[in-house]
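Trainee: Input sequences plus hints: build the corresponding full structure.
Chains A and B, in that order, give the protein sequences.
Going by the numbering used here, the letters in the first sequence line up with residues 1 to 131, in that order.
Going by the numbering used here, the letters in the second sequence line up with residues 1 to 132, in that order.
Worth flagging that the hints you see were computed from the coordinates, not collected in a lab.
Mixed in with the good hints there might be a few duds.
[Stated by the list, open to error] The calculated lysine to aspartate or glutamate pairs, modelled on DMTMM-like cross-linking and capped at a C-alpha distance of 25 angstroms, are:
#, chain 1, residue 1, chain 2, residue 2
1, A, 20, B, 20
2, B, 99, B, 79
3, B, 12, A, 18
4, A, 34, A, 18
5, A, 34, B, 130
6, B, 9, B, 27
7, A, 9, B, 20
8, B, 122, A, 21
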Amino acid sequence: MTNVFKIAKFGFNPLTADPKDLIFDSTLNHLKNKIAGSFTQTISAFSTYTETVAHGLGSVHPLCMAYFRDTSNNNWFISFTAKISSPPGRKSSLLDCEIYSDTTNVYIKAINNNASSKTIEVQYEIFYENA
Amino acid sequence: MPNKLLIAKSGKSIRSSILDDFYLHSDYPLLKVHDSGTFTTLNNGTKTINHNLGYRPFVLVFSQFVDTDGFGVAVLTTEYYQHDWLQQGATINYYGYTKIYANKIDIVTGNSDVTTWAGGTKGIYYIFKDEL
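Mentor: Set out below in structure tokens:
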């Protein structure tokens with residue numbers, strides 16, 4: 001018999017709790033961070049900047065996430081792929097950030113749809129989990 | 001007061017107040033993988049993945065993306081882009097998005113003119129046991 005290690009949320013019994021009410025369950029896979037990084041970049045009006053990060057995971061597409069903000073405020077947004085020919089490509093922000101991958105790299109593309117230059121801060125995570 | 005289980009990163013104090021200093025902190029749930037895999041959808045196709053969790057889970061989906069070659073011709077990228085995505089062309093819109101239900105997710109890739117794009121679109125998905 002394999003030993004099982006579980007931590008439940010406060011108020012739940014780890015022996016009976018639904019998996020969504022667990023903090024940790026040794027019988028399940030969890031996201032494991034391969035690379036965590038960030039960059040800050042000033043981007044000219046209606047321009048883009050792409051940060052390339054080698055993931056080193058072999059011939060796979062890794063799971064990844066990114067969040068970003070305009071450095072003039074503290075409102076963080078999740079990355080979003082928006083290819084709309086006439087900006088803005090995103091309702092909530094004239095700044096945008098896409099994240100995508102191939103079997104070598106993860107690419108974080110920052111997009112400035114403003115009529116003036118903007119500085120964007122991006123934080124990203126690349127996980128060991130892939131397919 | 002409940003007991004805590006903490007695993008700090010190398011060189012970090014177990015008494016740190018910075019969450020990023022920990023691999024595991026029992027006050028904060030880790031995302032728990034319920035199901036993952038690859039998929040291929042056909043033109044304007046929907047790929048349904050049944051998860052049967054009974055609630056809407058946190059989901060991440062990436063798929064190939066339709067770009068243009070600079071001459072107005074649609075091409076499928078080798079890179080996988082985060083859902084949702086939209087490519088607005090001169091006459092045709094291409095899209096990839098994911099709908100999340102209590103017992104399934106529907107991964108949709110396609111375009112507004114089904115006769116013009118016949119290739120399949122490949123991608124990956126992760127469904128977590130964590131509820132939205």
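Trainee: Let me make sure I understand: some of the numbered hints might not hold for this structure. Which ones are they, in numerical order?
Mentor: 3, 4 and 8
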